[in-house]
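Those protein sequences? They're chains V and Z, same order as listed.
The first sequence runs 0 to 292 under numbering that gives the first Met the number 0.
The second sequence runs 0 to 292 under numbering that gives the first Met the number 0.
Errors might be hidden in some of the hints.
Identical chains blur together in the list; that is why a pair holds if it fits in one copy or across any two.
In the SDA-like style, the derived pairs of lysine to any residue whose C-alpha atoms are separated by at most 25 Å in a straight line are [stated by the list, open to error]:
1) K102 - D90
2) K102 - P86
3) K44 - R290
4) K200 - R230
Honestly, the hints are just simulated from the structure, not real lab data.
If you're wondering where the values come from, they're calculated on a predicted model, not measured in any experiment.
Number of protein chains: 2
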Amino acid sequence: MDLPARLKECSQRVDRALDAFLPNAAAKPATIHRAMRYSLFAGGKRMRPALCLAAAEACGGAADAALHAACAVECVHTYSLIHDDLPCMDDDDLRRGRPTSHKVFGEGVAVLAGDALLTQAFEILAQARPARRYPVSTMIRELAVAAGSLQLIAGQVADLEGEGRPATRAQLRFIHERKTAAMIEVSLRLGAMSANAGRAKLDALTVFGRSLGLAFQIVDDILDVTQTSERLGKSAGKDASAGKATYPSVIGLDASKKQARSLTAGALRALEPLGRRALPLRDIADFLLDRDY
Amino acid sequence: MDLPARLKECSQRVDRALDAFLPNAAAKPATIHRAMRYSLFAGGKRMRPALCLAAAEACGGAADAALHAACAVECVHTYSLIHDDLPCMDDDDLRRGRPTSHKVFGEGVAVLAGDALLTQAFEILAQARPARRYPVSTMIRELAVAAGSLQLIAGQVADLEGEGRPATRAQLRFIHERKTAAMIEVSLRLGAMSANAGRAKLDALTVFGRSLGLAFQIVDDILDVTQTSERLGKSAGKDASAGKATYPSVIGLDASKKQARSLTAGALRALEPLGRRALPLRDIADFLLDRDY
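Here chain V stands alone, though its shape is the one from the complex:
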């Protein structure tokens, strides 16, 4: 199966599962369930779930074994976007091509919709079938650490605090590793764990995820300056106008592109021990480097 078909199938599978896991839109109070679904089913690329399912397959498991984990990471990702977009954070009007949650539902409900999706992530993952080597509680702890105050939230805080101040390359890396790479890495690790991967495979996918996650964020930074809002489905040029440090602003556009290529190459090398089963992961890494949205 080629990559676009594979990604589409993955999206559909994850969307069906998310639809079944979430309370329906009419459950009382309807507002919160409408708000959760508005952001969750807004046509996201479902890149983290795709990596999660492909990681399970790369370790010899069935994609379905990782479906709970894939849905959980997407809930965490969507919550983080809703809260990042709030007026007290990045104050953004557009996300995934639509008005942001607080524009539609008001700030109070947007905060609560994010809270609810974060909580939902753990409820979903708690229902996963344990793999022999990995109790479900181990997987939940992994997700909580990646989404917690030393990783995802640390990145967001450092990003907030850095606005309008010049950043060093080290600070930028601190932010990107936490704000983006940690959740991409854990998506791969949870996929591998769901397939009961041994230590060597889990380690290989961890290295792959960390490098790929950094490359992903550098490409995001590049697209912010080279693409239109329409193409991205979110406000372009936003980082620069907010005085945010980005790879292009700190090391320049050409060096950023080179860095993204080099990190992707490193990520691909880490996959070598996994052989042919990791081909879909290679395809995703290539796609993420060359994407224009």
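We have chain V; now place chain Z onto it with these hints.
Frame of chain V, contents of chain Z only:
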């Protein structure tokens, strides 16, 4: 041991454990860890942890078996207070006798500190020792459901949406059951599960928790109109000025007191099958009914 001594010992035990579970205040970025600790160690009554530990003892277990659960429910409770106090929610300046999180750290960091404490709750609970009847994932699912969009968050949304509108008794009960009773009930259930309680004991504590939780919120409503902000450590008279429906505003002060007494009596009856081991829980229920803060 008398109740004040018991509650003090419980607070100290829970505070020590929370201190050990949380990243220290200097962990990078320091802001988020200072903000998490500012709200968590603000001198709360630790009523939910006390109920959790006492539930474990009422089921014949050691209090320490429920320490992870007790810390987790306190993290969820504190996160919910931080987010409730935000300008886009109840817009409150005072909590636990101190300026609210967003007053001290700004709104962006307050949102993230709440997010981080919610995430921390699951990280802590994921490290609990499983009881024979209850895998840790079962306990995590219970916590996520109680804190989720059909319970805690549903109550908060209904509360937000009800501001300035007259409420019926049924609507008020919908809010109170979800916003307050659900987390009190799950505190007791997680304590019982940590002690490997059988079905009958778990059911008894569930009924106790649901009635006690409602009584607790009615007493809160009463104190809001009868006590000073200084005594409560949060803004008194706030519900009335925000046009919120409360038990006193809907059924009157005397009927509210009667209702709280009757719910507490029902809660105490539910404890009868547990015998003498449930005495500390009885003491807490009596204390919560008669408190003046």
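How the hints compare with the structure:
For the homomeric pair K102 and D90, the shortest alpha-carbon distances inside one copy (10 Å) and between copies (19 Å) are both at most 25 Å. In this homomeric assembly, K102 and P86 come within 25 Å of each other (Cα to Cα) both inside a single copy, at 10 Å, and across copies, at 16 Å. With identical chains, the CA atoms of K44 and R290 are at most 25 Å apart within one copy only, with a shortest distance of 12 Å there and 53 Å across copies. Proximity of K200 and R230 under a CA criterion of 25 Å is satisfied in neither setting, with 36 Å inside one chain copy and 58 Å between copies.
Checked against the numbered hints above, the structure breaks only hint 4 and satisfies the rest.
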